[in-house]
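Trainee: Letter by letter, the sequence shown follows residues 162 to 554 in my numbering.
Hints are not guaranteed to be accurate.
[To be verified] 27 Å max Cα-Cα, derived DSS-like pairs, lysine-lysine:
hint, residue 1, residue 2
1, Lys318, Lys490
2, Lys510, Lys423
3, Lys422, Lys373
4, Lys422, Lys510
5, Lys535, Lys247
6, Lys358, Lys373
7, Lys422, Lys490
[Unchecked claim] Estimated spans, in silico, between C-beta atoms of each pair:
hint, residue 1, residue 2, range
8, Glu553, Ala533, 28 to 34 Å
9, Leu550, Asp246, 24 to 30 Å
10, Glu484, Ala533, 18 to 24 Å
Read the hints as simulated data drawn from the structure, not as lab findings. Glycine is no exception: its CB is placed at the ideal position from the N, C-alpha and C atoms.
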Amino acid sequence: MKASLLVMLVLMFSVIAAACGDTKIETVDVIREITKEVPVEVIKEVEKIVEVEKIVEVEKIVETVREVEKIVEVEKIVEVMAQRDKRELVFAGLNWDSALVQNGVARYIVEHGYGYPTTQIEGGTIPLFQGLRKGDIDITMEIWLPNQNAAWNEAIKDGQVFSVGRSLEDNWQSTFIIPGYIADANPGLVSVQDLKKDEYKSLFTEPDSGGKAVLIGCIASWSCRAVNEGQIVAYGLSDHIELRDPGTAGSLAAAIEGAFKKEEALLFYYWGPTKLAFDHDFRRLEQPDPSTCANNDPVNGCEFPAANILIAMNTDLYADAPELIAFFKNWDWSAGNQLAADGWYGDNKDDYDSSEEAYSATGVWYLKNNDAWKTWVPADILANVEAALANES
162 MKASLLVMLV LMFSVIAAAC GDTKIETVDV IREITKEVPV EVIKEVEKIV
212 EVEKIVEVEK IVETVREVEK IVEVEKIVEV MAQRDKRELV FAGLNWDSAL
262 VQNGVARYIV EHGYGYPTTQ IEGGTIPLFQ GLRKGDIDIT MEIWLPNQNA
312 AWNEAIKDGQ VFSVGRSLED NWQSTFIIPG YIADANPGLV SVQDLKKDEY
362 KSLFTEPDSG GKAVLIGCIA SWSCRAVNEG QIVAYGLSDH IELRDPGTAG
412 SLAAAIEGAF KKEEALLFYY WGPTKLAFDH DFRRLEQPDP STCANNDPVN
462 GCEFPAANIL IAMNTDLYAD APELIAFFKN WDWSAGNQLA ADGWYGDNKD
512 DYDSSEEAYS ATGVWYLKNN DAWKTWVPAD ILANVEAALA NES
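Take these sequences, add in the hints, and give me the full structure.
Mentor: Next up, the structure:
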């Protein structure tokens, strides 16, 4: 169609030209451009927004879910240390009041607070300390140093015993004590050396002592006995003094009580703080200071230094009763505690069938009537002891 239009236009221009000018025939080359329509694939990118409402058929699936309660059993393995059997613990029943009063208090706490059954074996210092070393004794409430220095140091070296705390505090001891009324009547009797003088030595002689002054000293099973003997030799008194064994602590105390009651002369060994020393006027004869002796050891001829009195355990208790170590480390047996408990024991001991019952009762009395011990134990142990005390008559 485009070609036809082009031909017509050419003819029209030719007619117009002929009409308007000289007749001139001009040959014109007509170039016919023929456009052939050839199908061409045209990719046209058209941006067109068409809203289409599409209906999609949805298949509704109803799924039935069955709820199942699943119970899972879980086996929980908890590692628990096997409860240690609490075996019977054996206390040293040292044969003097301060040690046995402390036993009464300590055993009650150990039994009712910590749950250990206890017992005690009575005897003197030397055999009971050997028992502690061998494990026949578990706990000793009084180890007197320096009296027991040699045996104690050996046992420590051998790993048989250990110290867990301090025992009787504010202590003293002397081999040469006289009643106050004798000292007042004999102002020249001041020193142990004065016992060499007949006028003073004669105060303490007995019909069977061969003119020597009788000294009632430590019993043979006490470590202080060797100190008594050493002092007599060191002071040059062997020809002037006869050392006698009272046999028991009770007999020693009875001899002292009897002499004071009758105001008789008596030369004797004793220690404090004790009710006996508190109740009576004891005068100690002068002796050289402990610093003048080798190793401060009175056996070499000087006064007893203030004793270091320890609570000791056999080393088996590290494993068998470890919780008691902290308890005894907190133990604080002051002079006030001792005098109170010892005083009650002295006033009430005759009401009981045995000395062990009397000391046990002393322990109960002390725990009921004093608060100091409550700081020695943790809260749960305190509660146990107080519950037990509530049931005591």
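Trainee: All the hints need checking, so say for each whether the structure fits it.
Mentor: Hint check:
| no. | hint | verdict |
| --- | --- | --- |
| 1 | Lys318 - Lys490 | holds, 21 Å |
| 2 | Lys510 - Lys423 | holds, 23 Å |
| 3 | Lys422 - Lys373 | holds, 24 Å |
| 4 | Lys422 - Lys510 | holds, 20 Å |
| 5 | Lys535 - Lys247 | holds, 23 Å |
| 6 | Lys358 - Lys373 | holds, 11 Å |
| 7 | Lys422 - Lys490 | violated, 40 Å |
| 8 | Glu553 - Ala533: 28 to 34 Å | violated, 19 Å |
| 9 | Leu550 - Asp246: 24 to 30 Å | holds, 26 Å |
| 10 | Glu484 - Ala533: 18 to 24 Å | holds, 20 Å |
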